[in-house]
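Q: Go ahead and model the full structure; you've got the sequences and the hints to work with.
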Amino acid sequence: QRYGTIRDYLPNPRAENRPVGLPSEYTQLAMWTLEQLLADKGLVPDHLARRFCQQWIFRVSRTLREFIRRYKDEQVPWERAGVASAGNGALARIAPILVPHLQQPSPALWADVALAAMLIHNDPASIGSCLALERLLWEVMGLSSAPDPRWWVDLFCSTLRPLEGAAAYETRSPHVPYRGPLWLFVEASVPRAVSDGLSVRDACDWWHSGSYLMETVPTALFILARHAHDPEEALVRAVNDTKDNNTIAAIVGAVVGALHGRSGLPGRWIKGLLGRIGAADDGQLFEFALKATGGTVCRADDLRPDDILVPADEVRPGDTVFFVRQAEHEVQLRVLGEAHRKAFTGIRYRVVQGDEPGSVLFTLV
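Okay, so the sequence shown: first residue is 1 according to our numbering, each after it adds one.
The set of hints was computed from the structure by calculation and includes no laboratory data. Given the structure is predicted, the values throughout are model-derived calculations rather than measurements. Backbone N, C-alpha and C define an ideal beta-carbon position, used for all residues, glycine too. Mixed in with the good hints, there may be bad ones.
[Stated by the list, open to error] DSS-like mimics (lysine-lysine), calculated; alpha carbons at most 27 Å apart, straight line:
(1) 41 with 72
(2) 291 with 41
(3) 271 with 291
[Stated by the list, open to error] Here are the in silico distance ranges between beta carbons for each label pair:
(4) 50 with 230: 38 to 44 Å
(5) 180 with 40: 21 to 27 Å
(6) 19 with 278: 19 to 25 Å
(7) 11 with 106: 22 to 28 Å
A: Okay, structure coming up:
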């Protein structure tokens, strides 16, 4: 009410009251996950558990605090330190598990997702929802436009259904009394809200939009069903119309980012993002992103004419490549599969000829 509909960064005391983008605790946990994956060249659960206990976290939830107490203070093994919590924290931090698997897809992705999820939130709906979210991310990276509204619920619930087992969850809203599996509640509630033409705020008034999975999952899927075609509006609605808005916006943002790529997000948001993970480490997030993709992702830089001739042993005439500047006079390129191009930031060029050993020429696609 104070600011009206929030569409841009607000002045923040953590950045000298500048209107810039700063991290939340979920940014920290997600990027520490990515950092540890890079260091270990894959998921080593004990190392990731240790990483979560090493640095100051902006805001520690009850579940995270209990995990740290068990793992760090009581020396409980990682596989037993997770808390039986149906909170949404794992969903907000799980997306980076996908990154190392983009160029070498394998079923190991699903094992990594389950293990990384259970570290802190060892709950059937939480683990299953993380697997369903990663499947959504994987699938939308191969799409060129937003799918039918019903697609989001169908794909998510078809993944979650066999994973919940006999677990039962109760809603907190008096408007929708329910006890049973999460997937069934989502399958019954979200399509109805879409067909009734509810706004995000009205839907959230119906089933609530807190940190409980019975509220977060239907809210995120409803926002995607209504607004996935417009990533700015999807995130604006997640921020303005939900109670646990930082978590829900993190989930929605991961999906619309995978669907639309960097170019689908407002330039002013990207320009105002400091790239912090800690209190004052500007740019650190971009460094992690660059390392995670073998040097093919960074903030967009203008390319000079003399950047066009670059060494590349693995590309051939006719290939389409992305290439971006890594440093002042250095560029990196990689041929990418069609399904995963939107994960990478850069300028697309087509290889037209070789010019000298180890070099190729490009024309803009």
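Q: Next, verify each hint and record whether it holds.
A: Against the structure, the hints:
1. 41 with 72: 24 Å, holds
2. 291 with 41: 11 Å, holds
3. 271 with 291: Holds - the C-alpha atoms of residue 291 and residue 271 are around 21 Å apart, at most 27 Å.
4. 50 with 230: 38 to 44 Å: 40 Å, holds
5. 180 with 40: 21 to 27 Å: With a Cβ separation near 39 Å, residue 180 and residue 40 fall outside 21 to 27 Å, so the hint is violated.
6. 19 with 278: 19 to 25 Å: Taking Cβ atoms as reference, residue 19 and residue 278 lie about 20 Å apart, which means the hint holds.
7. 11 with 106: 22 to 28 Å: This hint is violated: roughly 46 Å between Cβ atoms.
The structure shown violates the earlier hints numbered 5 and 7.
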